[in-house]
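Novice: When you get a sec, could you build the whole thing from the sequences and use the hints?
One-letter residues, chain by chain:
Number of protein chains: 2
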Amino acid sequence: MATATSTTKAILPLHHHHHHPPTAATKNGLPISIRAYKDFILEFHQNQKPSNRAIKLAESLSNMLYQQIERNLNHRTSNVPRIEDKHDTPTMSPKEDISKKWQEIHGSNDWNNLLDPLHPWLRREIVKYGEFAQATYDAFDFDSFSEYCGSCRYNQQKLFEKLGLTKSGYEVTKYIYAMSQIDLPQWLERSRFVDTWSKDSNWIGFVAVSDDEETRRIGRRDIAVAWRGTVAPSEWYDNMQRKLEPIGQGEAKVEYGFLSIYSSKSESTRYNKSSASEQVMREVMKLVNYYNGRGEEVSLTITGHSLGGALGLLNAYEAAKNFPGLPISVISFAAPRVGNIAFRDELYQMGVKTLRVTIKQDVVPRMPGIVFNESLQKFDDFTGTLEWVYTHVGVELKLDIRSSPYLKKGMNLVGIHMLETYLHLVDGFLDSTTTFRSDAKRDVVLVNKECDMLVDELRIPHNWYQLENKGLERNFHGRWVKPTRDPEDIPSPIVESYNNVLEMQDS
Amino acid sequence: MATATSTTKAILPLHHHHHHPPTAATKNGLPISIRAYKDFILEFHQNQKPSNRAIKLAESLSNMLYQQIERNLNHRTSNVPRIEDKHDTPTMSPKEDISKKWQEIHGSNDWNNLLDPLHPWLRREIVKYGEFAQATYDAFDFDSFSEYCGSCRYNQQKLFEKLGLTKSGYEVTKYIYAMSQIDLPQWLERSRFVDTWSKDSNWIGFVAVSDDEETRRIGRRDIAVAWRGTVAPSEWYDNMQRKLEPIGQGEAKVEYGFLSIYSSKSESTRYNKSSASEQVMREVMKLVNYYNGRGEEVSLTITGHSLGGALGLLNAYEAAKNFPGLPISVISFAAPRVGNIAFRDELYQMGVKTLRVTIKQDVVPRMPGIVFNESLQKFDDFTGTLEWVYTHVGVELKLDIRSSPYLKKGMNLVGIHMLETYLHLVDGFLDSTTTFRSDAKRDVVLVNKECDMLVDELRIPHNWYQLENKGLERNFHGRWVKPTRDPEDIPSPIVESYNNVLEMQDS
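Quick mapping for you: the protein sequence lines, in order, are chains A and B. Per the UniProt record's numbering, the first sequence starts with residue 1, numbered consecutively. Per the UniProt record's numbering, the second sequence starts with residue 1, numbered consecutively.
It is possible that some hints are incorrect.
Same chains, same label: a pair holds when it works inside one copy or across any pair of copies.
Restricting the straight-line Cα-Cα distance to at most 25 Å, the calculated cross-link-like pairs of lysine-lysine (BS3-like) are [to be verified]:
1. 482 x 167
2. 86 x 162
3. 470 x 158
4. 441 x 470
5. 470 x 162
6. 101 x 398
7. 408 x 470
8. 441 x 482
9. 409 x 398
10. 409 x 441
11. 162 x 441
12. 482 x 162
13. 95 x 441
14. 482 x 470
15. 86 x 409
16. 482 x 408
17. 86 x 482
18. 470 x 86
19. 409 x 470
20. 162 x 95
The hints are simulated quantities; they were obtained by calculation from the structure and are not laboratory data.
Specialist: Given below as structure tokens:
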């Protein structure tokens, strides 16, 4: 080296032990044995001259050891539980046979005595449905430079496999597409280009059905419908709280923006010649008839986050009208208010059970009608504004970001609203007076997929859910190209409905 | 379907040909044959009922065809050349034997008659060195959540392979690390955490040497040094134009911030017990002695972008002092001014040849000394501010973003300064009066790696250069974890210098 070589002496671990008895001695708060290793490694780096190839291995090992020691010291001073300790454990509780209790879990007794403390079977089912709703985000093509912007990146046969949901025990049977005939700025994800798969429609969710094994475990054949929401609720905040539209034959009314997305159709489109409503009703009817025909008990469970929760409630209302006697429950996350009192009352009369999962700090469940909410009901007859009173439906499971040691406590409005934040808090919820349960199994890292909610000590990058090079790939010549989508992953209304017919015939 | 079936008749391509002679007929500006296909496909979608599985294939094909037609229409109306046409072509011109002309290409005649028009051999060499400089960005770990933030993500044996530079004909022999003893805010990329690979140093570049085949082609053994710059020049704009420090024994002075990065060292660090200056001089000396000892002619070519160009000039100055007679050239991109007139004059006297590549719209080459620049030289004796007069060195190749049909023309200060934008414009440069050459081979997509400079018609995502899920990987249990870095990719000062010794002995 050009600089002077070190003039300090090599100090071996033994020296330190000599000066400091190893029992309780510390230096700078470190146990001496670790301190000695650190000195040894530093000295090793300063004094050794390379003499043979074995030193390479020693060097690498000492590097890693050095960092492990620093890391341990670092973590010792933190209140945040180490997530590394759970790296080699499953991310879900084992499956248990809930067949004897499934009606209660789906609200037959209005979730009495199941929410506080939260029954572990119910917790597991809430997370299961929540992950279906999350799948509608994870697989959605948000890239406005993509000609498939607004579609699902995978076809329905591949969806669960690509997202690691094959163990869910469900199979996707139908994709649902939606459009809106009224102008809802920012709702539709649209490609920047002319030659897009669809100018009008977005993939808005899917229908799935439990397989035989899951059906045995949960005590009935379950049809699950998952509705996609929007990522940034502020986008529709201004546009969706202005007007109520009638639904059904009575006094029930619902927010016109939600209803437009749920029921719009146009013959000039490829994917919404029938509305989302018609698509999902047709699929549910087909499945109900098929499994009833085999003598099976069937249930319908509808889930969705944010706007998706609102669409889910419209879906439940319509399904209850069309399938009297079918057990229908809704598990919604961060859903805004949807309709008026009459809408709620009709849902109750028809036996629809709704579990609303909310986070105390999330503003979206207070929309629309932050002003005109239930607490004003007593003024209704007086003011004549009954139709303007949006109201919530069902039973609430209320979460609190302060309960989790993993979450930042600032008012990150987007992060607090994210479905992954909800699922994290459900997974850790014991009861309303206790903090996060220590044996929660769900992967904490998921929270930061599309936000920055995890405390920095965990060292998880924020907004980490992203494609390598935004989907560009280097070809044989070294050029970066957009791979063409596999033909089976290009959205195709005919193929999707046709596949269904074939599969029903095959079964 | 629940909706009414279409009542329009199927129209076959033949009908259209019947009504419109195929020769010059168009409809909405489309050749009729394409229009007919479109109608056919639309009708196909509306009228066909699924009857067997073959329809799936037809449907997929028609989908793709439909989109191809739309794409063609879209492109036909644009002035931007199609980049898809070059997908299956090489990204560089073929290598030619430049051994007879290499001194001229490296400035022996001050690039007289080589720049306007730009000699194709020189163009190819500029891009070659520029891609070395680009490699210092592409492999740099910018992730502040990484414990290796500020290091190179790959070890020196793997660098070129990982970046697709194996065909360059060079091999990396040494990594260079730098620190700064004066506070240069925002210069150092630093991990957020205590247990980082280094608290003080950043990877700042590398030394490479031409292999035997490339050496034959270029007429001498070439030692290349590539210096990394900073990504956002605004970060050091405010901090690096205040003070000149003497360099050498005469009147030469250079900007103190650049000099600090180039020459700082500290015994308490792991990677800068010797300075960047000492590291690179030692390596160059070793290589020069080795190849001179084998009777080979040797050259030194230094490259860098932005701050890296400034460091390269300091490097050239020092090398010229230490190796009189060694042909030294600098090819810099977007480099700011570095020193005073005396510094420039010493460089000239020692025979250092500098080719400065600039973009007319880029502000960085006007820094420091936007005010105190060459044009004020006549006032120097009067005002006594000679030492404050920063001056540029060498010969300029001046580019213009308006020359490329692929680039947006707005004043995107970051995008205009990016090295990939420079390399794109060099690749397309014919002469100062002509626009972009149509046979330019370099991949246009690269421009948008870390900015948004390509026109939207090209549909290339902006800032697309990114890791899948920011480096997180799903493990066996479905948990997202940070993979530990391979031991050989953990920066290690001993291993790196030791490997070199071994390799020199092996050769």
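Novice: Taking 25 Å as the upper bound on the Cα-Cα distance, should residue 482 and residue 470 be classified as within, between, both, or neither?
Specialist: Cα proximity of residue 482 and residue 470: in one copy and across copies (9 Å, 20 Å).
Novice: How do residue 482 and residue 408 come out at 25 Å by Cα distance, when the copy is not named: within, between, both, or neither?
Specialist: between (37 Å within a copy, 21 Å between copies)
Novice: Is it within a copy, between copies, both, or neither that the alpha carbon of residue 482 lies no farther than 25 Å from that of residue 162?
Specialist: So residue 482 and residue 162 pass the 25 Å test inside a copy (19 Å) and across (20 Å) alike.
Novice: With 25 Å as the alpha-carbon cut-off, assign the pair residue 162 and residue 441 to within, between, both or neither.
Specialist: For residue 162 and residue 441, only the intra-copy Cα distance (21 Å) is at most 25 Å; the inter-copy one is 36 Å.
Novice: When no copy is named, should residue 95 and residue 441 be tagged within, between, both, or neither for a Cα gap of at most 25 Å?
Specialist: within (13 Å within a copy, 57 Å between copies)
Novice: Classify it for me, residue 86 with residue 162: is the Cα-Cα distance of at most 25 Å met within a copy, between copies, both or neither?
Specialist: within (23 Å within a copy, 32 Å between copies)
Novice: Have a look at residue 409 and residue 398 and pick one of within, between, both or neither, based on CA distance no larger than 25 Å.
Specialist: within (17 Å within a copy, 52 Å between copies)
Novice: Can you give me the call for residue 408 and residue 470, within, between, both or neither, at a CA distance of at most 25 Å?
Specialist: Result: close only across copies, 20 Å inter versus 28 Å intra.
Novice: Go through the copies and call it for residue 482 and residue 167: within, between, both or neither, with a Cα cutoff of 25 Å.
Specialist: Intra 31 Å, inter 23 Å, cutoff 25 Å: inter-copy only.
Novice: Please sort residue 470 with residue 86 into within, between, both or neither, judging by C-alpha distance up to 25 Å.
Specialist: For residue 470 and residue 86, only the inter-copy Cα distance (21 Å) is at most 25 Å; the intra-copy one is 30 Å.
Novice: Within, between, both or neither: how does the pair residue 101, residue 398 come out at a Cα-Cα threshold of 25 Å?
Specialist: Within. Shortest intra-copy distance 23 Å satisfies the 25 Å Cα cut-off; inter-copy 77 Å does not.
Novice: For residue 409 and residue 470, with the copy left unspecified, which applies at a CA distance of at most 25 Å: within, between, both, or neither?
Specialist: between (31 Å within a copy, 24 Å between copies)
In this structure, none of the earlier numbered hints is contradicted; all agree with it.
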